[in-house]
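A.B. asks: Read left to right, the sequence shown gives residues 1 to 93 (the working numbering).
Bear in mind the hints are in silico, worked out from the structure with no lab data behind them. Among the hints, a few may not be true.
As the list claims (entries may be wrong) - Restricting the straight-line Cα-Cα distance to at most 20 Å, the calculated cross-link-like pairs of lysine to aspartate or glutamate (EDC-like) are:
1. Lys25 <-> Asp42
2. Lys90 <-> Asp43
3. Lys25 <-> Glu49
4. Lys25 <-> Glu82
5. Lys25 <-> Asp85
6. Lys90 <-> Asp73
7. Lys90 <-> Glu30
8. Lys25 <-> Asp54
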Amino acid sequence: MFLVISGFLSCCNNVNCDNAQICVKNVGNETIHYCWNCNSYDDSIAPGESTCLDVGPIYINLTTTSTVWVEFDSDHGTYRTEVNDCYIEKEIE
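Can you make the complete structure from the sequences, with help from the hints?
C.D. replies: Now the structure itself:
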């Protein structure tokens, strides 16, 4: 019985953020040149460092879903992520 109730409650989590944030951490050994939602690499992250982007409000409940899609473009690849929580961290090499 506990597993059924626990599973039901976890499927219905509400998310309510005024300003959600996505971060990318460089877990590799090389500097990553990047930009958010563009294709000209105008910034860089050294190994061990992170970069974050505020994406605005995110709301998820039983009747309404408002999320944001973000692209992290870099010389190590392009990563498209749906921001569906208040804080998301991705690691790339």
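A.B. asks: Each of the hints needs a verdict: does it hold here or not?
C.D. replies: Here is what the structure says about each hint:
no., hint, verdict
1, Lys25 <-> Asp42, "17 Å, holds"
2, Lys90 <-> Asp43, "17 Å, holds"
3, Lys25 <-> Glu49, "6 Å, holds"
4, Lys25 <-> Glu82, "17 Å, holds"
5, Lys25 <-> Asp85, "17 Å, holds"
6, Lys90 <-> Asp73, "13 Å, holds"
7, Lys90 <-> Glu30, "16 Å, holds"
8, Lys25 <-> Asp54, "15 Å, holds"
In summary, this structure violates none of the numbered hints.
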